[in-house]
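Peer 1: Sequence lines, in order, name chains A and B. Counting along the first sequence from 1, when you hit position 169 you're at 169 in this note's numbering, and nothing is skipped either side. Counting along the second sequence from 1, when you hit position 171 you're at 171 in this note's numbering, and nothing is skipped either side.
If you are wondering where the hints come from, they were derived from the structure by calculation, not from laboratory data. Mixed in with the good hints there might be a few duds.
Cβ-to-Cβ under 8 Å is the rule here; a few derived chain A residues that face chain B [to be verified]: (1) 9; (2) 22; (3) 25; (4) 59; (5) 60; (6) 62; (7) 139; (8) 158; (9) 173; (10) 181; (11) 184; (12) 192.
Straight-line C-alpha distance at most 16 Å; calculated EDC-like pairs for lysine to aspartate or glutamate [as the list claims (entries may be wrong)]: (13) B:71 x A:167; (14) B:26 x A:183; (15) B:190 x A:166; (16) A:71 x A:41; (17) B:71 x A:166; (18) B:31 x A:52.
Idealized CB from N, CA, C, for every residue including glycine.
Listed below are the residues making up each chain.
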Amino acid sequence: MSEERDEIFARVRRALAPLPVRTALPDWDPARIAPGFAAADSCTLFVERFREVGGVPLSSRQGLMAWLAGKGWACGYCDPGLWPELRGHFPPQMEVSTSLRRARIDDYAFAITVASGAIAETGTVILTDRDTPVRLAALAPWAHVAVIPRSRIHRSIACALGAMPDDPNIVWVTGPSKTADIEGILIEGVHGPGIQAAWVADDR
Amino acid sequence: MKEQPIDRFAAELEASRRSAVYEGTKATHEKRTRHLAARFAEADVLRRTAGEIKQHVVEHLDRYLPEVEVKLRQHGVGVHWCSTADSACATVLRILQARGVRRLVKAKTMLGEEIGLAGYLERHGIESVETDLGEFIVQVDRDHPSHIVRPIIHKSRREVATTLERIGLGTYDDDPSTITQRIRSHLRGKYLAADAALTGANFISVESGRVVIVTNEGNSRFCLAAARLHLVLVGIEKLVPRDRDLALLLNLLARSATAQPLTVYTEFVAGPRASGQADGPDEMEVVFVDNGRTEMLASDCRDILRCIRCGACLNVCPVYRQATGHAYRSVYPGPVGAVLSPLLAGSRFPEWADLPKASSLCGACNEVCPVDIPIPDLLLRLRARGKQEGGPQARIGTLPMGLWSWIAARPELWRAALRAGAALDLLPLRLAPVPALRAWSKDRDLPAWRGGAFRRWFRHRSRL
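Turn these sequences into a full structure, and let the hints steer you where they fit.
Peer 2: Here you go:
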């Protein structure tokens with residue numbers, strides 16, 4: 001194995017040695033790629049762009065609960081950290097658990113998880129292992145509701161990349177899971193959620 | 001004159017297939033143009049900058065490869081190096097066998113197609129399931145992807161519905177929603193039962209060692225939620241120097257590939273899960289593959305190594321639109337494939353030497369390329385190489401110039417030929433016994449013969 005490594009590295013060096021000059025790394029300005037949204041505040045912009053990518057913005061706990069009640073779902077998951085705040089407010093008859101059992105994975109119609117932040121430019125929700133330890137919760141149920149701390153909405157992709165948390169797994173989710181593989185027709189909910197919802201909440 | 005294989009393929013193509021590919025690519029291309037113009041005032045400057053970043057990477061691989069190896073190892077990631085397709089397949093198999101893996105879920109990787117990994121693993125008793133919807137259909141149909149981003153662009157919903165019925169996923173129903181739901185529930189079981197997941201990588205940041213994987217369907221995310229081992233198969237050219245460069249490349253990739261501001265799932269993986277974490281692989285191995293890339297690096301076509309596999313050049317290419325992906329007889333179709341496939345073939349270059357000629361050199365592929373690859377220039381270099389190496393595939397569809405060069409090298413003959421050429425004015429081309437000539441002259445006239453005019457002028461000009 002290490003022999004192959006040395007061979008590859010040697011071939012790379014041999015290939016590059018004859019180049020008289022090599023292309024320099026351009027020092028580009030990130031402001032150039034996120035133009036046109038100087039006016040709106042990050043939260044307003046996020047909600048607008050989140051809607052554009054097919055997301056469902058929710059503005060309050062009451063709004064979230066009314067939306068859940070309207071869907072008539074029987075079973076869902078709620079992050080244990082949010083449980084004390086939300087437990088008394090779910091619609092009656094709705095079974096909500098704070099642990100996700102793989103054997104019952106198809107029973108959960110929705111999951112409410114804690115997001116690590118968002119990106120206004122693209123309407124993106126940021127999830128990390130630290131804040132959203134149960135990866136499957138944000139993925140397997142038909143609807144995913146991300147609770148986003150208001151203070152952690154980044155202006156642009158460049159800003160978010162400049163403030164990447166030290167986490168082995170960070171995922172940016174921009175709208176519902178989708179495909180256009182069959183005749184170019186857009187279908188939402190392929191492997192992940194068919195509905196992405198987000199509630200931008202005051203930091204707790 | 002003998003037809004090029006790609007022309008023959010296109011001529012025999014069903015009309016419905018051609019129109020599916022034509023309409024699909026055209027719609028994506030037009031949406032892409034609108035999206036870029038709507039948000040970016042200087043889209044052209046951005047893609048040139050992205051091109052410089054990637055060209056910089058390609059020309060500094062001697063520095064970046066060792067650096068990224070160190071970074072990955074710091075994250076607890078195993079790193080492997082493979083020179084050839086065979087070696088890459090064997091390495092993946094060895095890693096899987098050492099851990100007793102029987103079931104593998106695969107997110108889409110073009111490199112996996114390139115080295116024929118899925119078939120290889122099947123032959124060695126490891127179930128390897130494609131999880132991208134299009135790739136899944138391709139796999140169960142034993143077909144090949146015909147587009148880099150949309151593998152089943154050549155198939156109708158009726159064909160897909162027939163496939164699902166055949167493999168036992170419900171009775172025939174060609175509603176795309178139903179098809180998607182059936183595949184969703186079928187693959188869910190596969191994700192949860194899999195011992196290992198294999199993905200490609202769109203980028204790896206040298207600065208942070210983060211492996212970036214993008215999908216719209218969320219399949220790579222699902223692979224990494226349930227499996228215990230994460231294998232990454234990646235070409236040695238897929239590096240970016242800094243995290244901030246990803247802001248540019250991710251923006252351009254999503255817009256160029258599918259006209260989206262950002263791909264739905266953009267994942268940054270820096271090693272296995274932390275201890276005490278509920279989900280996620282507890283082991284991660286990255287397999288770097290050369291398979292002809294260092295040879296490309298040494299050639300005058302190294303610019304093709306900038307490619308980020310967005311498929312924009314396929315969507316805009318008049319030849320791809322008419323001929324469709326399978327006409328290119330290789331894993332990478334379209335303009336990028338016409339450059340990559342002959343280069344990847346190594347010593348079998350002559351077999352693919354016709355592909356660089358499957359282009360009108362209109363330049364549209366270069367204009368849309370998010371990393372500004374001068375594809376038409378590269379095609380010309382490969383045409384020249386094809387001629388020099390003298391393969392029969394390089395000659396098809398090209399007029400034989402032997403007689404011309406023999407006459408042109410003999411002044412007396414040349415003068416005689418110039419005089420004789422006047423006879424062309426009198427020949428009725430419409431009646432010529434050559435079908436191609438008759439077809440050409442149906443709507444065109446030859447200009448009057450002017451052979452020798454320059455010589456006459458030169459001889460009689462007044463000297464100063």
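Peer 1: Under the criterion of a CB-CB separation shorter than 8 Å, is residue 60 of chain A in contact with chain B as hinted?
Peer 2: Violated: closest Cβ of chain B sits about 26 Å from residue 60 of chain A, beyond 8 Å.
Peer 1: Once the shortest beta carbon distance from residue 62 of chain A to chain B is found, is it less than 8 Å?
Peer 2: violated, 29 Å
Peer 1: How about residue 158 of chain A: closest beta carbon in chain B under 8 Å, or not?
Peer 2: holds, 4 Å
Peer 1: Report holds or violated for the interface hint on residue 9 of chain A, using the least CB-CB distance to chain B and a cut-off of 8 Å.
Peer 2: holds, 7 Å
Peer 1: Return the status of the interface hint for residue 139 of chain A: holds when the least beta-carbon distance to chain B is below 8 Å, violated otherwise.
Peer 2: holds, 6 Å
Peer 1: Close enough to count: is the Cβ of residue 181 of chain A nearer than 8 Å to one in chain B?
Peer 2: This hint holds: residue 181 of chain A lies near chain B, its Cβ roughly 4 Å from the closest one there, short of 8 Å.
Peer 1: Residue 71 of chain A and residue 41 of chain A: Cα distance at most 16 Å?
Peer 2: Measuring from Cα to Cα gives roughly 31 Å; hence the hint is violated.
Peer 1: Return the status of the interface hint for residue 25 of chain A: holds when the least beta-carbon distance to chain B is below 8 Å, violated otherwise.
Peer 2: holds, 5 Å
Peer 1: Check the hint pairing residue 190 of chain B with residue 166 of chain A against an upper bound of 16 Å on the C-alpha distance.
Peer 2: violated, 31 Å
Peer 1: Taking 16 Å as the top limit, are the C-alpha atoms of residue 31 of chain B and residue 52 of chain A close enough?
Peer 2: Distance of about 15 Å is within 16 Å: holds.
Peer 1: Any CB of chain B closer than 8 Å to the CB of residue 184 of chain A?
Peer 2: At 5 Å from the nearest chain B Cβ, residue 184 of chain A passes the 8 Å test, so the hint holds.
Peer 1: Taking only the CA atoms, is the gap from residue 71 of chain B to residue 167 of chain A under or equal to 16 Å?
Peer 2: Distance of about 15 Å is within 16 Å: holds.
Of the numbered hints stated above, those contradicted by the structure are hints 4, 5, 6, 15 and 16, listed in ascending order.
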